[in-house]
Amino acid sequence: RKFMMLTLLISGPKQPGNDINVYLEPLIDDLKSLWVGIRGVYDAHNGEYFTLRAALMWTINDFPAYGNLSGCVVKGYKACPISGDDTPSHRLKNGHKICYIGHRKWLPINHPYRRQRAAFNGKTEYGIPPEPLTGEEVLHMVEN
Numbered sequence: 001r002k003f004m005m006l007t008l009l010i011s012g013p014k015q016p017g018n019d020i021n022v023y024l025e026p027l028i029d030d031l032k033s034l035w036v037g038i039r040g041v042y043d044a045h046n047g048e049y050f051t052l053r054a055a056l057m058w059t060i061n062d063f064p065a066y067g068n069l070s071g072c073v074v075k076g077y078k079a080c081p082i083s084g085d086d087t088p089s090h091r092l093k094n095g096h097k098i099c100y101i102g103h104r105k106w107l108p109i110n111h112p113y114r115r116q117r118a119a120f121n122g123k124t125e126y127g128i129p130p131e132p133l134t135g136e137e138v139l140h141m142v143e144n
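If you're matching positions, the sequence shown starts at 1 in the working numbering and goes up one per residue.
These are calculated hints, taken from the structure and not from any lab test.
In this text, a Cβ means the ideal position worked out from N, Cα and C, and glycines have one as well.
One or more hints might be untrue.
Unchecked claim - Using 20 Å as the maximum straight-line C-alpha spacing, the simulated PhoX-like pairs for lysine-lysine come out as follows:
| hint | residue 1 | residue 2 |
| --- | --- | --- |
| 1 | K93 | K123 |
| 2 | K78 | K105 |
| 3 | K97 | K75 |
| 4 | K93 | K105 |
What the hints assert, rightly or not - Label-pair distances were calculated between CB atoms; the ranges are:
| hint | residue 1 | residue 2 | range |
| --- | --- | --- | --- |
| 5 | M57 | D29 | 16 to 26 Å |
| 6 | W35 | I98 | 37 to 47 Å |
| 7 | V142 | D62 | 18 to 28 Å |
| 8 | Y77 | I128 | 13 to 23 Å |
| 9 | L139 | A44 | 33 to 43 Å |
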C-alpha cells in the first residue's frame, strides 16, 4: 500500500444515497490509524526518524454529496449551510417549489443589483451576509 491514494466517485442513478458507509469505512479506518501516527518513519533528507501523521483536509463534491458527508441540510427551507436556520426562502405559489432569496446580501453594499426591485423579489436588499459558524458552534450543533 505504498503511495496509495483512495479516490471515490459514486454517481449516477444507482448511487447509494445516504448509505455510503461501505465506501467510507476503509478510509476512516486508515485515517484513524494515521491520526495517531506511525512511529519510526525514516526521513532520508534529514537522516532521522519521526512519527508520520495524516489528516483529511477537504473533500470535493456536489451539494447533495456534501449533505451526505457532513450531515448538513441541503434541501428544504433551511438548505444554506452558511445561513442555517436564517436561510431566507419561500414557497412559490404556482410552482410549489422552494425559492431561495436574499442572495444579493453577498454583493458589495453599493452594488446596483441591491437596489433593483423588479428583477428580484420586489424589495431592495439592505442585509449583510451572515458570519460563518465557528468550529465550536459546529461542535455544539453536532453534539446535540
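Evaluation of the provided hints:
Only pairs whose Cα atoms come within 20 Å are accepted, and K93 paired with K123 is accepted, the gap being roughly 18 Å. Restraint check: the Cα-Cα separation between K78 and K105 comes to about 17 Å, which is no more than 20 Å; the hinted pair holds. Annotation: proposed proximity of K97 to K75 holds, straight-line Cα distance about 11 Å (limit 20 Å). For the proposed pair K93 and K105, the alpha carbon gap of about 24 Å is over 20 Å, so the pair is violated.
Taken as a hint, the range 16 to 26 Å holds for the pair M57 and D29, whose Cβ atoms sit roughly 18 Å apart. Between W35 and I98 the CB atoms are about 39 Å apart, so this pair conforms to the stated range of 37 to 47 Å. A hinted range of 18 to 28 Å holds for the C-beta pair V142 and D62, which are about 22 Å apart. Our hint of 13 to 23 Å for Y77 and I128 holds, since their Cβ atoms are close to 21 Å apart.
For L139 paired with A44, a C-beta distance near 39 Å keeps the hint of 33 to 43 Å intact.
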